[in-house]
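Build the full structure now, drawing on both the sequences and the hints.
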Amino acid sequence: MESHHVISSLLDIIAKMDKELGYIGPPENFSQENESSEIEILGYCEEHSTLTNFSYLDSSSRMITIKGVRVYMGSLFMSDPNFTLAIPQVIPTQFLALKASSSVLENISRDNIISSYVKVTSPAGIPYDQNYKDDNISDELRISLENYAISKSSSITIVDGQVIPGPNLTFLSEEYKSAFEKLINDRVNYFPTLIGVVKRLDMSYKLSKVKEFNQIIKKFSKIRPPDTKAIEIISQKGEDPFITPILKENWGSLVRYMVYVKVRNSVFRVESTNLDILCKGVNTTIDRSGVRGIPDFIEIADRISKRLSASIFILSFILGSKIGVSYDDWGKFWEASEEIREHDI
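Numbering (my numbering), first residue to last: 193 to 537.
There could be a bad hint or two in this list.
Claimed, not checked - In the SDA-like style, the derived pairs of lysine to any residue whose C-alpha atoms are separated by at most 20 Å in a straight line are: (1) K391 x Q322; (2) K514 x S503; (3) K391 x S503; (4) K369 x K403; (5) K259 x K325; (6) K440 x E238; (7) K440 x F412; (8) K401 x N442; (9) K374 x D327; (10) K391 x Q354; (11) K403 x P418; (12) K524 x G260; (13) K369 x R379; (14) K325 x D520; (15) K344 x F275; (16) K374 x Q286; (17) K403 x E230; (18) K344 x V380; (19) K259 x Q322; (20) K440 x Q354; (21) K325 x G260; (22) K403 x S427; (23) K325 x F275; (24) K411 x V380; (25) K391 x P418; (26) K403 x V447; (27) K414 x E424; (28) K401 x F412; (29) K325 x D521; (30) K414 x K391; (31) K325 x N360; (32) K440 x R456.
Stated by the list, open to error - Computed spacing ranges between beta-carbons, pair by pair: (33) L202 x D303: 33 to 43 Å; (34) D303 x S200: 18 to 28 Å; (35) S307 x S343: 17 to 27 Å; (36) I305 x L507: 15 to 25 Å; (37) Y382 x K325: 23 to 33 Å; (38) L202 x R302: 52 to 62 Å; (39) K403 x G516: 54 to 64 Å; (40) Y519 x N466: 31 to 41 Å.
None of these hints come from the bench; they were simulated from the model.
Each residue gets a CB set at the ideal place from its N, CA and C atoms; glycine is no exception.
Listed below in structure tokens is the structure:
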């Protein structure tokens with residue numbers, strides 16, 4: 193059997209079983225998001241106006257290995273009604289992070305100029321040495337940049353991602369948990385003017401925690417589905433856009449309000465800790481939905497932030513290759529170069 197016949201037959205089987213079983217992906221291990229035990233319905237948005245002025249932002253990160261030292265580079269783009277912010281910038285901002293031996297980290301930390309651009313410890317003050325997880329360094333770097341940008345915003349800010357940032361704290365060891373708790377605390381004062389648009393819902397299982405929704409979901413799926421599949425089941429009437437009621441989730445001392453939106457084939461969640469601005473945020477995302485259904489301003493911030501990080505990576509690779517970069521970084525270099533060329537077309 194030729195390759196295209198094999199793939200076509202496989203996809204036919206998957207489509208058939210999806211109709212029969214509802215959700216056919218692997219069963220949930222654990223959610224990557226911060227989640228509460230219960231989520232309740234408050235009612236539908238009655239506010240029909242949109243946000244007239246708002247900021248929006250997104251961040252990106254990459255990593256290169258030079259002589260065994262892992263250099264993480266972060267970028268960010270924010271459009272504010274009064275200005276635009278692109279990181280890296282001339283003003284000292286820690287847009288780099290280093291994972292290296294203790295002697296290297298100590299040497300960098302003693303350099304007053306370089307240390308104003310380079311992180312060598314977590315937000316909780318733990319050194320980024322050989323024992324620290326790579327993914328966490330990238331996440332902590334991006335969230336730190338986002339917090340910096342949010343603090344500079346002159347209006348309501350829409351961030352690409354969760355309002356309460358970071359992974360599910362339940363499954364983190366104390367050193368990583370304390371880092372994300374610090375990042376959350378740094379953002380708390382700005383929660384009243386913050387809205388999040390969450391696009392990646394494949395590892396989010398909030399909708400099945402809503403009792404009214406779960407009664408519907410169980411009729412069509414034997415396995416607890418992620419939110420992307422759950423919204424397909426709930427929205428069977430075919431409204432476009434489809435909007436869920438407002439959902440309330442208690443998260444420690446904080447409360448998060450959420451609305452799921454399905455526009456064409458795209459599903460995203462709009463969330464805020466401030467109920468007064470949530471529905472205006474929902475209306476704005478729908479009003480500004482692009483061809484794919486995702487809000488156009490979110491796609492703009494995503495594209496520019498990725499281009500910025502690609503540019504930093506290319507620069508780091510060109511300079512680092514004189515010293516010695518890893519084999520894998522050659523592939524990353526060509527990928528980053530291709531990203532830049534695509535955006536130039």
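Hints, verified against the model:
Taken as a hint, the K391 and Q322 pair is broken in the structure, with Cα atoms around 32 Å apart against an allowance of 20 Å. Taken as a hint, the K514 and S503 pair is honoured in the structure, with Cα atoms around 18 Å apart against an allowance of 20 Å. Restraint check for K391 and S503: the C-alpha separation of about 24 Å exceeds 20 Å, so the hint is violated. At most 20 Å may separate the alpha-carbon atoms for a hinted pair to count; K369 and K403 exceed this at roughly 29 Å.
A distance of roughly 19 Å separates the Cα atoms of K259 and K325; the hinted pair therefore holds under the 20 Å criterion. The straight-line distance between the Cα atoms of K440 and E238 is roughly 16 Å, inside the 20 Å bound, and the hint therefore holds. Proposed proximity of K440 and F412 is contradicted: the alpha carbons are some 24 Å apart, above 20 Å. Proximity of K401 to N442 is assessed by CA-CA distance (about 12 Å); at most 20 Å being required, the pair is judged to hold.
Using a Cα cut-off of 20 Å, the hinted pair K374 and D327 holds, with the two alpha carbons roughly 17 Å apart. A C-alpha spacing of about 9 Å is found between K391 and Q354, which places the hinted pair at or below 20 Å, so the restraint holds. A threshold of 20 Å between alpha carbons decides the hint, and for K403 with P418 the separation of about 15 Å falls inside it, so the pair holds. Using a Cα cut-off of 20 Å, the hinted pair K524 and G260 holds, with the two alpha carbons roughly 16 Å apart.
Between K369 and R379, the direct Cα distance comes to roughly 16 Å. Compliance with the 20 Å bound is thereby established for this hinted pair. Between the alpha carbons of K325 and D520 the distance comes to roughly 19 Å, so the proposed pair stays at or under 20 Å and holds. For the suggested pair K344 and F275, the alpha carbons sit about 10 Å apart, so the restraint of at most 20 Å is met. Proximity of K374 to Q286 is assessed by CA-CA distance (about 16 Å); at most 20 Å being required, the pair is judged to hold.
Between K403 and E230, the direct Cα distance comes to roughly 9 Å. Compliance with the 20 Å bound is thereby established for this hinted pair. Using a Cα cut-off of 20 Å, the hinted pair K344 and V380 holds, with the two alpha carbons roughly 14 Å apart. As the CA atoms of K259 and Q322 are separated by approximately 14 Å, the hinted pair is consistent with the 20 Å bound. Distance restraint check for K440 and Q354: the Cα-Cα separation of roughly 15 Å lies within the 20 Å cut-off, and the hinted pair is therefore satisfied.
Proximity of K325 to G260 is assessed by CA-CA distance (about 15 Å); at most 20 Å being required, the pair is judged to hold. A C-alpha spacing of about 16 Å is found between K403 and S427, which places the hinted pair at or below 20 Å, so the restraint holds. Note on K325 and F275: the hinted pairing is violated, with a Cα-Cα distance of about 35 Å set against a maximum of 20 Å. For the hint pairing K411 with V380, the CA-to-CA distance comes to about 39 Å; that exceeds 20 Å, so the pair is violated.
Simply put, K391 and P418 have alpha-carbon atoms about 13 Å apart, close enough for the 20 Å limit, and the pair holds. Only pairs whose Cα atoms come within 20 Å are accepted, and K403 paired with V447 is accepted, the gap being roughly 18 Å. At most 20 Å may separate the alpha-carbon atoms for a hinted pair to count; K414 and E424 meet this at roughly 15 Å. Distance restraint check for K401 and F412: the Cα-Cα separation of roughly 16 Å lies within the 20 Å cut-off, and the hinted pair is therefore satisfied.
Restraint check for K325 and D521: the C-alpha separation of about 19 Å stays at or below 20 Å, so the hint holds. Simply put, K414 and K391 have alpha-carbon atoms about 25 Å apart, too far for the 20 Å limit, and the pair is violated. Between K325 and N360, the direct Cα distance comes to roughly 15 Å. Compliance with the 20 Å bound is thereby established for this hinted pair. Restraint check: the Cα-Cα separation between K440 and R456 comes to about 25 Å, which exceeds 20 Å; the hinted pair is violated.
The hinted window of 33 to 43 Å between L202 and D303 is violated, with their beta carbons roughly 55 Å apart. Restraint check, D303 to S200: a C-beta distance of roughly 58 Å breaks the suggested window 18 to 28 Å. Against the hinted window of 17 to 27 Å, the Cβ-Cβ separation of S307 and S343 comes to about 20 Å, which satisfies the hint. Between I305 and L507, the C-beta spacing of about 18 Å keeps the proposed range 15 to 25 Å intact.
In this structure the supplied range 23 to 33 Å holds for Y382 paired with K325, their Cβ-Cβ distance being about 27 Å. Separated by about 57 Å at the C-beta atoms, L202 and R302 satisfy the suggested range of 52 to 62 Å. Take K403 and G516: their Cβ atoms lie about 58 Å apart, and the range 54 to 64 Å holds. A hinted range of 31 to 41 Å is violated for the C-beta pair Y519 and N466, which are about 48 Å apart.
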